[in-house]
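Note that the protein sequences, when read in sequence, are chains A and B.
To convert a position in the first sequence, counted from 1, into the numbering used here, add 6.
To convert a position in the second sequence, counted from 1, into the numbering used here, add 1.
Please note that a few of the clues may not be correct.
As the list claims (entries may be wrong) - Now the stretches of chain B that chain A is said to cover, found in silico as 3 or more residues with beta-carbon under 8 Å:
hint: 1; segment: 3-13
hint: 2; segment: 45-58
hint: 3; segment: 72-80
No lab work stands behind these hints, which were simulated from the structure alone.
From the three backbone atoms N, C-alpha and C, an ideal C-beta is built for every residue, glycine too.
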Amino acid sequence: MKDVRLLAEPFVPGSLVGPFTSAHPGLGGTCTFVGEVRGDANEVGGVEALELSHYEPLTLAGMDALADAALARFDLMGILLVHRVGELRPGEPIVLVSACARHRRAAIQAVDFTMDHLKSDAWFWKRERRGGEWRWIDPRPEDHADLARWGN
Amino acid sequence: MAVKLVFLGRLADLTGVSEREVAGPLDWSGLLDALQGELGGWLASDKVKLAVNGAILADKLDLQAADGDEIALLPPVSGG
Chain A
7 MKDVRLLAEP
17 FVPGSLVGPF
27 TSAHPGLGGT
37 CTFVGEVRGD
47 ANEVGGVEAL
57 ELSHYEPLTL
67 AGMDALADAA
77 LARFDLMGIL
87 LVHRVGELRP
97 GEPIVLVSAC
107 ARHRRAAIQA
117 VDFTMDHLKS
127 DAWFWKRERR
137 GGEWRWIDPR
147 PEDHADLARW
157 GN
Chain B
2 MAVKLVFLGR
12 LADLTGVSER
22 EVAGPLDWSG
32 LLDALQGELG
42 GWLASDKVKL
52 AVNGAILADK
62 LDLQAADGDE
72 IALLPPVSGG
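Could you put the whole structure together from the sequences, leaning on the hints where they help?
Next comes the structure, spelled out in structure tokens:
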């Protein structure tokens with residue numbers, strides 16, 4: 007199964023991964039990655055909030071195409087791809103990728119592949135607030151280097 | 002009916018709005034005129050892409066939009 011979602015409200019990863027895993031009887035393994043907003047509330051000048059904006063016609067379609075690419079490339083039983091938009095606080099889950107497969111390597115690699123693509127070329131625009139000031143975040147060169155690992 | 006412009010990311014900060022309607026039909030030079038330099042060098046920059054009704058243009062100069070169309074102005078993504 008393929009389950010791709012954009013969420014505007016906080017989510018509990020386990021409440022999505024549980025049913026996703028249960029929907030694939032006979033699986034050999036599930037690999038799940040959960041990304042959270044990095045930050046230290048006690049750090050002076052640290053990130054107070056992160057805001058993700060998106061453009062519905064491109065963002066969800068792009069995530070759906072990425073899920074299809076992972077399903078085509080790896081021997082999976084299913085993939086779950088969830089991304090937050092809106093304003094988030096440090097410690098909140100921002101992204102969830104979970105893959106079910108008969109054998110572990112396909113699941114692990116599919117999650118790695120999907121995260122590398124999400125981090126560099128998904129249709130999201132992010133800004134963070136530090137000291138009350140909002141600042142737009144530019145892509146990092148490392149993200150593009152991560153993407154190059156997969157050859158496309 | 003009009004052409005809807007959608008400004009994403011920092012482009013919305015520059016215009017002060019996330020959407021705006023302008024009279025159609027609209028081509029590339031019409032878009033330049035409509036924005037009157039509000040986006041500084043961004044609009045003409047290779048880094049900014051245009052999508053018409055969700056389809057990205059390979060070449061911005063080919064822009065052709067009619068009343069009812071939606072043009073998204075897309076700065077570089079930050080990624081997920």
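Exercise. Residue count check for the segment 3-13 of chain B against chain A: does it reach three with CB-CB under 8 Å?
Worked result: holds (count 5)
Exercise. Do at least three Cβ atoms from the segment 45-58 of chain B come closer than 8 Å to Cβ atoms of chain A?
Worked result: With 4 residues closer than 8 Å to chain A, the segment 45-58 of chain B meets the three-residue bar; holds.
Problem set entry | Claimed coverage, the segment 72-80 of chain B by chain A - three or more beta carbons nearer than 8 Å | holds (count 7)
In this structure, none of the earlier numbered hints is contradicted; all agree with it.
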